[in-house]
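Those protein sequences? They're chains A and B, same order as listed. Sequential numbering of the first sequence, starting at 438, is according to our numbering. Sequential numbering of the second sequence, starting at 216, is according to our numbering.
It should be emphasised that the hints constitute simulated quantities derived from the structure, not laboratory data. Any given hint might turn out to be false.
[To be verified] Computed list of lysine-lysine pairs in DSS-like fashion (alpha-carbon distance at most 30 Å, straight line):
hint: 1; chain 1: A; residue 1: K473; chain 2: A; residue 2: K493
hint: 2; chain 1: B; residue 1: K218; chain 2: B; residue 2: K286
hint: 3; chain 1: A; residue 1: K504; chain 2: B; residue 2: K233
hint: 4; chain 1: B; residue 1: K285; chain 2: B; residue 2: K228
hint: 5; chain 1: B; residue 1: K272; chain 2: A; residue 2: K507
hint: 6; chain 1: A; residue 1: K504; chain 2: A; residue 2: K493
hint: 7; chain 1: B; residue 1: K228; chain 2: B; residue 2: K286
hint: 8; chain 1: A; residue 1: K473; chain 2: B; residue 2: K218
hint: 9; chain 1: B; residue 1: K233; chain 2: B; residue 2: K218
hint: 10; chain 1: B; residue 1: K233; chain 2: B; residue 2: K272
hint: 11; chain 1: A; residue 1: K493; chain 2: B; residue 2: K272
hint: 12; chain 1: B; residue 1: K272; chain 2: A; residue 2: K473
hint: 13; chain 1: B; residue 1: K272; chain 2: B; residue 2: K286
hint: 14; chain 1: B; residue 1: K270; chain 2: B; residue 2: K228
hint: 15; chain 1: B; residue 1: K270; chain 2: A; residue 2: K493
hint: 16; chain 1: B; residue 1: K268; chain 2: B; residue 2: K218
hint: 17; chain 1: A; residue 1: K473; chain 2: A; residue 2: K507
hint: 18; chain 1: B; residue 1: K285; chain 2: B; residue 2: K268
hint: 19; chain 1: B; residue 1: K268; chain 2: B; residue 2: K233
hint: 20; chain 1: B; residue 1: K285; chain 2: B; residue 2: K272
hint: 21; chain 1: B; residue 1: K270; chain 2: A; residue 2: K473
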Amino acid sequence: GEDVEQSLFLSVREGDSSVINCTYTDSSSTYLYWYKQEPGAGLQLLTYIFSNMDMKQDQRLTVLLNKKDKHLSLRIADTQTGDSAIYFCAPEEGGSYIPTFGRGTSLIVHP
Amino acid sequence: DVKVTQSSRYLVKRTGEKVFLECVQDMDHENMFWYRQDPGLGLRLIYFSYDVKMKEKGDIPEGYSVSREKKERFSLILESASTNQTSMYLCASSPSSQGATGELFFGEGSRLTVL
């Protein structure tokens with residue numbers, strides 16, 4: 438099966454940019470997702486990128502995909518305290534439409 | 216508004232008890248999933264279902280079973296609960312692959328403690 442790796446913690450100052458990195462092993466993933474989990478809640482889709490794209494921008498969010506290196510990143514500009522959450526990288530297993538989740542990165546935003 | 220509802224937010228059970236976790240979705244989705252979430256381990260897929268009465272094993276099915284008698288309902292069953300099944304259980308659903316991005320819609324989770 439697919440292996441997905443991401444760091445467990447990231448701490449940033451309010452107003453700075455946050456970058457969460459992820460590496461994966463399945464090169465046939467069609468969709469690659471980022472999910473967000475706020476405290477005490479389930480996961481919600483934050484954004485996704487289709488495999489034929491290198492970059493996707495959505496307001497403060499930028500997703501970069503390097504298929505050659507199997508590397509996915511999520512950049513949050515002007516990070517706010519409300520962005521504090523766990524962020525999961527989740528590329529889908531090739532052709533299955535089932536995502537494999539990384540361990541999640543806890544983003545801590547401090548004043 | 217899409218909704219996945221898990222029947223219990225918190226449960227405390229004793230070792231050896233049979234445990235039922237219920238999940239209902241109101242979006243007419245074909246696919247339903249059960250994950251468990253543990254600190255530092257992320258989400259691990261237990262079972263999923265593509266259709267009524269169909270089930271597929273995920274990555275960690277041992278000690279669990281599932282039931283899908285109706286399209287909107289997917290139940291996770293722990294036949295004999297053990298302490299290592301203490302965890303947060305997350306249910307999710309998604310529409311069929313045709314025309315969909317594969318986005319999963321999650322419930323809020325059921326935190327199970329087995330004593």
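Hint-by-hint comparison with the structure:
Taking the CA atoms of A:K473 and A:K493, the gap is about 17 Å. The hint holds against a cut of 30 Å. For the given pair, B:K218 sits about 14 Å from B:K286 by alpha-carbon distance, which is consistent with the 30 Å threshold. Our distance criterion of 30 Å between C-alpha atoms is broken by A:K504 and B:K233, whose separation comes to about 45 Å. Our distance criterion of 30 Å between C-alpha atoms is met by B:K285 and B:K228, whose separation comes to about 26 Å.
Simply put, B:K272 and A:K507 have alpha-carbon atoms about 27 Å apart, close enough for the 30 Å limit, and the pair holds. With a CA separation close to 14 Å, the supplied pair A:K504 and A:K493 stays within the 30 Å bound. Distance hint between B:K228 and B:K286 is fulfilled; the C-alpha atoms sit about 28 Å from each other, no more than 30 Å. Annotation: proposed proximity of A:K473 to B:K218 holds, straight-line Cα distance about 17 Å (limit 30 Å).
Straight-line distance between C-alpha atoms of B:K233 and B:K218 comes to about 27 Å, which keeps the hinted pair within the 30 Å bound. For the given pair, B:K233 sits about 20 Å from B:K272 by alpha-carbon distance, which is consistent with the 30 Å threshold. Proposed proximity of A:K493 and B:K272 is contradicted: the alpha carbons are some 33 Å apart, above 30 Å. For the proposed pair B:K272 and A:K473, the alpha carbon gap of about 25 Å is at most 30 Å, so the pair holds.
Pair hint B:K272 plus B:K286 holds up; C-alpha atoms about 18 Å apart against a cutoff of 30 Å. Between B:K270 and B:K228, the direct Cα distance comes to roughly 26 Å. Compliance with the 30 Å bound is thereby established for this hinted pair. Distance restraint check for B:K270 and A:K493: the Cα-Cα separation of roughly 35 Å exceeds the 30 Å cut-off, and the hinted pair is therefore not satisfied. Straight-line distance between C-alpha atoms of B:K268 and B:K218 comes to about 22 Å, which keeps the hinted pair within the 30 Å bound.
Distance hint between A:K473 and A:K507 is fulfilled; the C-alpha atoms sit about 21 Å from each other, no more than 30 Å. Distance check on the hinted pair: B:K285 and B:K268 sit about 8 Å apart at the alpha-carbon level, within 30 Å; holds. Among the hinted pairs, B:K268 with B:K233 is consistent with the structure: their alpha-carbon atoms are about 21 Å apart, no more than 30 Å. A C-alpha spacing of about 19 Å is found between B:K285 and B:K272, which places the hinted pair at or below 30 Å, so the restraint holds.
For the hint pairing B:K270 with A:K473, the CA-to-CA distance comes to about 27 Å; that is within 30 Å, so the pair holds.
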